[in-house]
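The listed protein sequences derive, respectively, from chains L and S. The numbering used here puts the first residue of the first sequence at 1, with every later residue one more than the last. The numbering used here puts the first residue of the second sequence at 1, with every later residue one more than the last.
Read the hints as simulated data drawn from the structure, not as lab findings. Incorrect hints may appear among the rest.
Derived CB-CB ranges, DEER-like [unchecked claim]:
hint : chain 1 : residue 1 : chain 2 : residue 2 : range
1    : S       : D89       : L       : D87       : 41 to 51 Å
2    : L       : L36       : S       : R32       : 35 to 45 Å
3    : S       : V194      : L       : T16       : 19 to 29 Å
Using N, Cα and C, we set each Cβ at its ideal position, and we do this for glycine too.
Protein chains: 2
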Amino acid sequence: MPSRDRIEAAIGAALTRAEGPGAPPRLAAALRHAVLPGGARIRPTICHAVARACGDPVPSLTDAACAALELIHCASLVHDDLPCFDDADMRRGKPSVHVAFGEPLAVLAGDALILAAFDVLSRAGEAEPLSALRLTGALARATGMPHGICAGQGWESETEVDLAAYHRAKTGSLFVAATTMGALAAGEDAEPWVELGARIGEAFQVADDLRDALMDADALGKPCGQDAALGRPNAVAELGVEGAVARLDDILGGAIASIPSCPGEAQLCEMVRRQAAQIMPVSLVRDLV
Amino acid sequence: MPSRDRIEAAIGAALTRAEGPGAPPRLAAALRHAVLPGGARIRPTICHAVARACGDPVPSLTDAACAALELIHCASLVHDDLPCFDDADMRRGKPSVHVAFGEPLAVLAGDALILAAFDVLSRAGEAEPLSALRLTGALARATGMPHGICAGQGWESETEVDLAAYHRAKTGSLFVAATTMGALAAGEDAEPWVELGARIGEAFQVADDLRDALMDADALGKPCGQDAALGRPNAVAELGVEGAVARLDDILGGAIASIPSCPGEAQLCEMVRRQAAQIMPVSLVRDLV
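Please work from the sequences and hints to get the whole structure.
In structure tokens, the structure reads:
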């Protein structure tokens, strides 16, 4: 089965379990709204590619790691969109969860998606409990404090912010989780895969800053110009558009150079290039500058 | 070391890790505010007692299970107190997290505490990964959808609510987690311990409804009369004060009768009686009715 189909099947199965008989129906509907139809599924696609490059010895654990990653990503979007953060009305081209279901169900949907991620890992891990437990730890640390997504978001409530630390936590941590969890699901060490994830995350953040600064809301499927409007740190403000585009190219070269030696190394390099083309608005940016 | 000290040490260690170097300081302070000084630590105390009754063969795993439970409980209080839910200004006799730190950090503190709980389990579990993984699953299911705390809270956004299902999910699920996680930490089956947790949870909820209906805010350390003010289902509205007190006695008898045969059965019965005396405002209620 192609990676994309395996990832969607794993996410769908997790969602079906969370909506199980006896669940409060509106919260169940809010979970579905938050997760389907998905975005580019970039993080699980990277995770899957790394696991396959390492031989993918326990496919059910690979799929669980991918689903868990995406559920956490969706949870972070739901909470990020809340009125007390970005107050975003749209997400992926439709109303954000709090607009469609109200704020209480949006808070709960985010919480429940985080928990569904750990449920997925625990269920898939009985055959390889040590790998599953390490996946659990990697995901918890990528998402929580002191250096995960929550920490990154927390920096937005501080008066003095280190731009690099902020992006590393808010965006980079889940890309590091994507590469390291791919390796862990395949029974490999996580450490050699940290740099690849970190560099992809960095590239993604610069690309996102460029999109936020340059695109309009219709093309983006969510409000744009948010960073400037909210006075938040971003690469375009720091480096200008041309500087940010040059940084993108550097980072991507480094990402590909960092890939550890593994059976599927060549295909993985190719996948990173493809993902890069998809997430980086390079041609758009070059037209504009 | 007494149970209480082991539990506090494990919670303190988890908090210190979450606040680690490089964390955003205000979010770190919000976590500490949410967790310390603690309340009665009833759930981890029950979990510890069950693990000890089963021999407590891996004390570090028992302590991790207790800390994880309490972190989740604290997370649920932080999110419950948010303006979009209870809008509670006080908790444990001091300002609630969103009052002290603002709403964004309260949302993030709840999220980060959930994640810290799973980090604790993953770190403690390397020696007994299968037990740790089962603890992860038990905690995720007790907290998430379709039947955990989030589901319980989600029922408050529905127009038709089954009172028993609502209480089972919102309050009972974490007591079931307390007893079953105690057993799992000791390498035992969870199933025989479900009933004890369910009955303690039921008793606790009835006691809480009585306190909410009868006590004043100073004695309670948080706003009272919330259920009636918000039109929420509760046992006093359903049964009256005397009926609710009689139900308490019934439930407690059933809880003690349900305790499975185990090495520390007698001490465990005694502990349940002690906890019951602590959480049940029986003498207070008898003075009032």
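Each hint, compared with the structure:
1. At roughly 23 Å, the beta-carbon separation of D89 of chain S and D87 of chain L lies outside the given 41 to 51 Å, and the hint is violated.
2. Taken as a hint, the range 35 to 45 Å holds for the pair L36 of chain L and R32 of chain S, whose Cβ atoms sit roughly 38 Å apart.
3. A beta carbon spacing of about 24 Å between V194 of chain S and T16 of chain L agrees with the range 19 to 29 Å that was offered as a hint.
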